[in-house]
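Residue numbers (my numbering), protein chains in the order written: chain C, 1 to 113; chain P, 1001 to 1114.
These are calculated hints, taken from the structure and not from any lab test.
It cannot be assumed that every hint is accurate.
Unchecked claim - Partial selection, computed: residues in chain P whose CB lies under 7 angstroms from chain C: (1) S1040; (2) A1068; (3) Y1071; (4) L1075; (5) G1105; (6) G1106; (7) P1114.
Quick reminder that beta carbons are idealized off the backbone N, C-alpha and C, glycines included.
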Amino acid sequence: DGGITQSPKYLFRKEGQNVTLSCEQNLNHDAMYWYRQDPGQGLRLIYYSQIVNDFQKGDIAEGYSVSREKKESFPLTVTSAQKNPTAFYLCASSIDVRNTEAFFGQGTRLTVV
Amino acid sequence: QKEVEQNSGPLSVPEGAIASLNCTYSDRGSQSFFWYRQYSGKSPELIMFIYSNGDKEDGRFTAQLNKASQYVSLLIRDSQPSDSATYLCAVNPGGMNAGNMLTFGGGTRLMVKP
Chain C
1 DGGITQSPKY LFRKEGQNVT LSCEQNLNHD AMYWYRQDPG QGLRLIYYSQ IVNDFQKGDI
61 AEGYSVSREK KESFPLTVTS AQKNPTAFYL CASSIDVRNT EAFFGQGTRL TVV
Chain P
1001 QKEVEQNSGP LSVPEGAIAS LNCTYSDRGS QSFFWYRQYS GKSPELIMFI YSNGDKEDGR
1061 FTAQLNKASQ YVSLLIRDSQ PSDSATYLCA VNPGGMNAGN MLTFGGGTRL MVKP
């Protein structure tokens, strides 16, 4: 089955820790995206990648980092510099950035404890 | 800042009625428009997209686009309790340039009462 897989589904982080959220797709899509969703809010773009070894900041990139070493994978690291990381994180992919019919993974809910 | 606006709701309709969800956008040059449905605690799923002015029908769903007035709407006919969810409008400016990302509205929560 083709799709996007995010892991873990739930993640707990202590203050001052870095954590990495996984996103893998087998749809052969060039473009991948990370969004953050806060309760009752829409989606805000953190980072996106158009192609392997390339990525660009979105609207709220501060405190986050990404890598795109493989086409299939686009992990997101939430660093200790992100002061309010508790949120629902969604990874998505599309054929390319011009064709933005995006498909989403099941999400990771991150909570700071 | 490109903006997409939706009434947060909740929009409450009785079962069997037509639910009408509206979305306005600020970038007049926007070219493609998407409606996603998101159940509580789940990820968004694409239900409709529209590129041209007018109506596009898919089963019980109809997307309507009016570029002159900069709004896009989603009609759900014969609403069912299973349609109760948050509906996200997303807009893409289009074109060949990098950075033409989807901009999402805040979503409208729909409640269909039996």
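Status of the hints after comparison with the structure:
{"no.": "1", "hint": "S1040", "result": "violated (10 angstroms)"}
{"no.": "2", "hint": "A1068", "result": "violated (23 angstroms)"}
{"no.": "3", "hint": "Y1071", "result": "violated (17 angstroms)"}
{"no.": "4", "hint": "L1075", "result": "violated (21 angstroms)"}
{"no.": "5", "hint": "G1105", "result": "holds (5 angstroms)"}
{"no.": "6", "hint": "G1106", "result": "holds (4 angstroms)"}
{"no.": "7", "hint": "P1114", "result": "violated (24 angstroms)"}
Hint compliance for this structure: hints 1, 2, 3, 4 and 7 are not met, and every other hint is.
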